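K.L.:
First to last, the sequence lines map onto chains H and F. In terms of the numbering used here, the first sequence has 240 at position 134, counting the first letter as 1, and numbering is strictly consecutive. In terms of the numbering used here, the second sequence has 253 at position 147, counting the first letter as 1, and numbering is strictly consecutive.
No lab work stands behind these hints: they were computed from the structure. Everything numeric in this text was worked out from a predicted model, so none of it was measured.
Put simply, identical chains are the same to the list, so a pair is met inside one copy or across any two.
Okay, derived cross-link-like pairs now, DSSO-like style, lysine-lysine, Cα gap no bigger than 27 angstroms in a straight line:
(1) Lys-242 / Lys-294
(2) Lys-276 / Lys-294
(3) Lys-197 / Lys-177
The residues making up each chain are set out below.
Protein chains: 2
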Amino acid sequence: MQQLFVYHDITHLLKSTESSVTSGLFNPKFPHLSPVTTLLIEVSANPFPSCLNDKTSSKATNFIESLLSMKEVDLNMPLIDEESEQFRVVKYDQHDVFIAGYVMFYPCFSSFFENPVFHMENFFIRECYRSKGFGKWLFSTMALEAARMGFSSIDWYASDWNESALGFYKHMGATISDDFRVLSLAGKALEAFEDDSN
Amino acid sequence: MQQLFVYHDITHLLKSTESSVTSGLFNPKFPHLSPVTTLLIEVSANPFPSCLNDKTSSKATNFIESLLSMKEVDLNMPLIDEESEQFRVVKYDQHDVFIAGYVMFYPCFSSFFENPVFHMENFFIRECYRSKGFGKWLFSTMALEAARMGFSSIDWYASDWNESALGFYKHMGATISDDFRVLSLAGKALEAFEDDSN
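Okay, chain H solo, but in the shape it has when bound:
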C-alpha cells in the first residue's frame, strides 16, 4: 500500500500504517462494514511449501472462503527484486516467498443494478513484476469471482494521467466514464458540520 502511494506521488497523504489498516479493517467501533477481500500474489523461484494446500489456514473473516490459485510463470529474463526482503512472506519462513502485488475489494449496494457490485479499492503490482502477466492474472481472478458470485459490476477510480493503468484496464474490458467526477468531503470541511451544530 505504501508503494501505491509512492507510485501516485501522494506520499504526503499516506497516513496508513500496519496498525491503522488493521484498525480500519477490523475496528469494533465500525462493525457494519462489508468485509474487504485482499488477494495477494506470492511468488517464489522454488516450488511452493506444501502448507499452501491447507485451505483452513486462509479462512479468516473473509466472505470468499478460499480463492487459492497457483500458476507457473516462465520469465524470459531473470527477475531482480531489490526490495525483496521488505516483501518476504514470513509465514513461509524457510522458503523464499515474496509479495508481487495485491488487489483489495469489497461488495456494496448499487442503485444501478439489481445485484450488488464490487468496489475495487487498491490494485497494485510491484514494479519489477510488471508486464509479466501478473496483473492480468490478479484482475481476472477477481473478475471471475465477481461473475461467479452474481455481482453486477466492479467499479473503481484511476488517475487520469496514468495511461498505462487506463490502457491495461481497457484491455481487460473496462469502461471509462466520460462523465463522472469524483467528489469528497473530508478533513476540516467535514468537521465543520459538527462545529456548526454546536
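On the provided structure of chain H, position chain F as indicated by the hints.
P.N.:
Below, chain F alone, put in the same frame as chain H:
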C-alpha cells in the same frame, strides 16, 4: 430513484423497480453488504402526525438507529407539487405527507484514511422542492452524522455537465478531484471472465 434517472437522461439504464431495490438491499444471497442508510425528506403543509415521535417505528435494520429531525420551512411562494400523489407517504394515510427528496449512503473501508468513509450512492431533491434549502438540510444531516460517528470522509460521483449539482456540492465544502476517472466492468465484459474460465 426513477426521477434521478430521468434527471440524468439515462432512463434506458433504469432497471430498478421496487422489488429489485428491495432485493438489492436485503438479498439473502449477499449477506455481507454494509447496511444502506436512506434519509427521506417528508413534507406536509400541516403539522406532522404525532406518531413521528414514536422512534421505535423507524428502527429497521439500520445502523443509524434514529436520525429524526424536524424543520419548519417558510416558503416565499406557494409550492405546487403536480406529482404529489405518486409521492404520498402511505404510512400517514390520514395526512397529506409527501416525499421531497432523499439521500442514500453506506459506510465502507478506505485505504486513504484510518477510519471508514461514507459512500453517497444517491442524492436527489424533487424539482418543485429545489432551491428552498431542503438539499442543504439533507446533505448537512448526513455530513453531521458522518462527523459525529468518526467517519473520515464522504465520497460520491457527480456528472461533469451537472453544474448546479457541482456548484451545490462545492458550496457544501466538497472537493472535486481533477484527477480521478471512474471505471467499471459490467455486463458482457464482466461475464466474459466466466466464459473464459469454462
